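K.L.:
Below, each chain spelled out in residue letters.
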Amino acid sequence: MLLRHTPEKITDRNSLTINPAKTCQPIGAMYAALGIHGCLPHSHGSQGCCAYHRSTLTRHYKEPVMAATSAFTEGSAVFGGQANLIEAFQNIFKIYNPDIIAVHTTCLSETIGDDVGQIVRAAHDDGKIPTGKHVIHCNTPSYVGSHVTGFSNMVKGMVNYFAESSGRRNGRINIIPGWVEPSDMREIRRLVKEMGINPIIFPDTSGVLDAPQTGKHIFYPKGGTTVSDLKNTGDSRFTIALGEVASKAAGEALTAKCQVPCHTLDLPIGLEATDRFIDMISKLACVEVPGSINEERGQLVDVITDMQQYLYGKKVALFGDPDQLISLTEFLISIDMRPTHIVTGTPYKGFEERIRSITKDVVPDINIKNGQCADMFLLHQWIKNDPVDLLIGNTYGKYIARDEDIPLIRFGFPIMDRIGHTYFPSVGYKGALRLLEKILSAFMDRQDRDSKEESFELVM
Amino acid sequence: MDNVSSKNNNFNPTAVKDELLKIYPVKVLRKRSKSIVINDNEATPEIQANVRTIPGIISQRGCSYAGCKGVVLGPTRDIVNLTHGPIGCGFYSWLTRRNQTRPPTDSSENYMPYCFSTDMQENEIVFGGEKKLRMAIQEAYDLFHPKAIGIFSTCPVGLIGDDVHAVAREMSATLGINIFGFSCEGYKGVSQSAGHHIANNQLFKHVIGKNDQKHEGKFKINLLGEYNIGGDAFVIEELLKRCGITLVTTFSGNSTYDQFANSHMADLNAVMCHRSINYVADMIEKKFGIPWIKVNFIGAAATAKALRKIAAYFGDAELINRVEHVIADELEAVRLAQEDVRTRCAGKRAMLFVGGSRAHHYQELFKEIGMEVVAAGYEFGHRDDYEGRAVLPTIKVDADSRNIEELDVEADPLRYEPRRTVEQIETLTNSGMEFKDYDGLMNDMAEGSLVIDDISHSEMEQLIDIYKPSVFCAGIKEKYAVQKMGVPCKQLHSYDYGGPYAGFEGAINYYREIDRIVNSRVWALIKAPWQKYPELQACYTTA
Chain L
1 MLLRHTPEKI TDRNSLTINP AKTCQPIGAM YAALGIHGCL PHSHGSQGCC
51 AYHRSTLTRH YKEPVMAATS AFTEGSAVFG GQANLIEAFQ NIFKIYNPDI
101 IAVHTTCLSE TIGDDVGQIV RAAHDDGKIP TGKHVIHCNT PSYVGSHVTG
151 FSNMVKGMVN YFAESSGRRN GRINIIPGWV EPSDMREIRR LVKEMGINPI
201 IFPDTSGVLD APQTGKHIFY PKGGTTVSDL KNTGDSRFTI ALGEVASKAA
251 GEALTAKCQV PCHTLDLPIG LEATDRFIDM ISKLACVEVP GSINEERGQL
301 VDVITDMQQY LYGKKVALFG DPDQLISLTE FLISIDMRPT HIVTGTPYKG
351 FEERIRSITK DVVPDINIKN GQCADMFLLH QWIKNDPVDL LIGNTYGKYI
401 ARDEDIPLIR FGFPIMDRIG HTYFPSVGYK GALRLLEKIL SAFMDRQDRD
451 SKEESFELVM
Chain D
1 MDNVSSKNNN FNPTAVKDEL LKIYPVKVLR KRSKSIVIND NEATPEIQAN
51 VRTIPGIISQ RGCSYAGCKG VVLGPTRDIV NLTHGPIGCG FYSWLTRRNQ
101 TRPPTDSSEN YMPYCFSTDM QENEIVFGGE KKLRMAIQEA YDLFHPKAIG
151 IFSTCPVGLI GDDVHAVARE MSATLGINIF GFSCEGYKGV SQSAGHHIAN
201 NQLFKHVIGK NDQKHEGKFK INLLGEYNIG GDAFVIEELL KRCGITLVTT
251 FSGNSTYDQF ANSHMADLNA VMCHRSINYV ADMIEKKFGI PWIKVNFIGA
301 AATAKALRKI AAYFGDAELI NRVEHVIADE LEAVRLAQED VRTRCAGKRA
351 MLFVGGSRAH HYQELFKEIG MEVVAAGYEF GHRDDYEGRA VLPTIKVDAD
401 SRNIEELDVE ADPLRYEPRR TVEQIETLTN SGMEFKDYDG LMNDMAEGSL
451 VIDDISHSEM EQLIDIYKPS VFCAGIKEKY AVQKMGVPCK QLHSYDYGGP
501 YAGFEGAINY YREIDRIVNS RVWALIKAPW QKYPELQACY TTA
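Quick note, the sequences are listed as chains L and D, same order.
Every letter in the first sequence is one number past the one before it in our numbering, and letter 356, counting from 1, is 356.
Every letter in the second sequence is one number past the one before it in our numbering, and letter 151, counting from 1, is 151.
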């Protein structure tokens, strides 16, 4: 047993988190910043944060993750990091020549109270930022929120710094995709284009974190939202913010700044959430849903009807990020499965209420925990008391999966021991089909593995 | 770039150095210039190392917390390692260093798959986190009843002034178990190296020497600076056992609290990673009288040398004989593997930019298959790691190093017991045994090779562009950028989830791994057929 010290008996914990189902804000800000074309994320704090975030993102995306750091030492921690940051700007523009530097803070620079906005303004005034280049920032103290909040803050930072309204609408629509994979951002673009609309998706890590092998390391790959598109977001007809936690804040900031109306939807994971996404675009943009999308939807529904016997009543434990878990739970319910235990370390007040409203008819006694001490240790204890057929979550779930002999479907962040997540979407109807395939394969592999020889069947 | 290399690949290192530096602003150029040196075997040049990372430069380095919690304490299975801080630090150091361990039974303590954190919130940053820390320790104790708890401070903890040591003392008194803190805030020092030092100091103060249990074995050693990545420690443990050498403690691969507590009962300290742990070796010698020697179990020849060195120290004919038998047993398979792999690897070039000793140790393995290391450097080395321990007295102690506590160690009034007399040490020294010594990296590198401390991303890319090495050894952050350049990258922190590479068995694994990497077909497939011949050929259609 790998997690041999996890007791079945559940005791209250208020201070000790064990095996967290979240990580800290700055890594989310770094990921979001990578979704701007020509951008070098910059971590304002000690160099270890930047190293840890780059390592974790690299392990997940299996791609170069470039980012710089203010490299605080004890002196900077005492006297403030302004000198380090200004020095960093000069070095970065000279050596790595980005179009934009996206600065996020860390618990260190937040605790000493560095005012990054003021430092950036001063750098501008002193001519430390070359003409035509940009520096944006956001505050991401690690002791607030989680990696998802950090993502949200950086996207909001993009709006704060770039969005402009020229007074003329450009006919485009904005989509804030939330913390999803490059493959998902690509799929969202494909779906929207299929409806005849050219969206501004921001951030957009497709083309950045799934770049091709060419024999050349392109420091700023061709993907990412361009600065001109980020400016244009202020002239778009409307914004669709996908995910309350990851995207709503930026959408609302854009409404406040440029009066672009914002509609917050769930991440289009699963059948119904994708339906709402397509339906809303169709209505707001006054476009008909094309036959090709109806066909994709029909294929998904067809597989669900065909395979329903394998799904019905199966119990699932889930952990991950709130936006993803909400849509995923709804999908599981829609295919007649029973989400039984759910944790997310990311604090989000509406989480429990949403999950309960989705599951109330099927799993009225569902276990949900969110925020402080909502961790995988507790999830494991719940599973010990009430076993499940399937576990869905990031790579760290593999320890529980092995100990309890439950199939694990890797979903969320980080996934460090498999590939595919960055290339194959899990949003939209195609994404739902892929999730379904994974779930079914997990159950059928299990059935094959566990069956007696006499009942080992060729056809299933 | 014509003067940098000629067609027959004779590189001009001075020109390469200038090329690496020319992109930098003047101030950076001046600083980096001192950290890039051209090896001279006649007169070892002075290198600038263990100095601050330049803000804005993309570096390989991590922080003090990573060195303390991740590297040194990480591989110890029965200490509850509690990170005091916001969630991130604990999360990132959770299982990511491949700390393998072998608990003796299915129910033995093993907390390695667990991540413990106080997950500090804004409230604790404002009002202090000691209360939460105290409660977290209590909750950990109630759940697990461990024999020891280590508390690791993250950046904000130092700033808000939480006294983790006082909390540790208080909770230790309340709970009756050993609880100790580490002031390893990320901003301390200039790299992971500060964290190693802090970890060693606290282990020395709070654990080493707590258990006086005697061991049966005749030849008792500790292995220091071996962290059991990819199962290296398992191989070495087995090898020592076959030789009849008793391993009291490993710092800290596959280790336990009790072994640390008992380590002063050994008769020799054998040091692998000099950088991370020379402090402990020195302190144990001063307090308990155990001499230390440098060994290296990376590379077949190095392994044989290390075993012979240990045997020579004990000077026992039977032991020496047994060691020779074990070596002879192993070397035939090693020779066959070397001969085979050499046919495909000899003459190829490697670069190593990693760690604080691996960039040195792994050169042995490349040499054994006929590969040339053209450039190397450490991520968190000090000058002595490059130039040898003889330069210690000339190293200037700067403010960043001065912030790391130096323990004042004295001989233990009761337990100090020199394991060898002055005469014995002298005899051994005269016969070639080097005590408390370590040759630097430069000593083992070719004339004119480039030695670079804390290499930056831009220097790395240019080096690869110029030398076009067959393999580049680094870590996960560098891996995919290197590979995008069409050059395979071998991770020498995590071993790319391979290994073991220590000992004879490990050496063979490594030869084969490098053979696979440098000869993989995929590198020749990067260009599509139509991209290889850019000039379009005329085509005629009948339409």
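None of these hints come from the bench; they were simulated from the model.
A hint or two may mislead.
As the list claims (entries may be wrong) - The list that follows gives simulated cross-link-like pairs (lysine-lysine, DSBU-like), each with its CA atoms no further than 30 Å apart:
1. L:K315 x D:K468
2. L:K133 x D:K348
3. D:K348 x L:K216
4. D:K348 x L:K222
Claimed, not checked - Selected chain D positions facing chain L (in silico; Cβ < 8 Å):
5. F116
6. D119
7. Q121
8. G128
9. A301
These numbers come from a predicted model, not from an experiment.
Glycine included, C-beta positions come from ideal geometry on N, C-alpha and C.
K.L.:
With chain L as the partner, please determine if A301 of chain D meets the hint condition of a C-beta pair closer than 8 Å.
P.N.:
Since chain L brings no Cβ nearer than about 33 Å to A301 of chain D, farther than 8 Å, the hint is violated.
K.L.:
Using 8 Å as the Cβ threshold, decide whether Q121 of chain D counts as touching chain L.
P.N.:
Q121 of chain D check passes; min Cβ-Cβ to chain L is 5 Å, inside 8 Å.
K.L.:
Hint check: K133 of chain L vs K348 of chain D, CA-CA at most 30 Å. Holds or violated?
P.N.:
violated (42 Å)
K.L.:
Is the Cα-Cα distance between K315 of chain L and K468 of chain D 30 Å or less?
P.N.:
violated (53 Å)
K.L.:
Hint validation: G128 of chain D versus chain L, beta carbon distance must be below 8 Å. Holds or violated?
P.N.:
violated (12 Å)
K.L.:
Under the criterion that the straight-line Cα-Cα distance not exceed 30 Å, is the pair K348 of chain D, K216 of chain L satisfied?
P.N.:
Between K348 of chain D and K216 of chain L the Cα gap is close to 21 Å, so the pair holds against 30 Å.
K.L.:
Holds or violated: F116 of chain D as interface residue toward chain L, Cβ cutoff 8 Å?
P.N.:
For F116 of chain D, the interface hint holds, since the closest Cβ of chain L sits about 6 Å away, which is under 8 Å.
K.L.:
How about D119 of chain D: closest beta carbon in chain L under 8 Å, or not?
P.N.:
With Cβ-Cβ at 4 Å, under 8 Å, it holds.
K.L.:
Are K348 of chain D and K222 of chain L close enough, with their CA atoms no more than 30 Å apart?
P.N.:
With a Cα-Cα distance of about 33 Å, the restraint between K348 of chain D and K222 of chain L is violated, given a limit of 30 Å.
The structure fails to meet hints 1, 2, 4, 8 and 9 from the earlier list, while all remaining hints are met.
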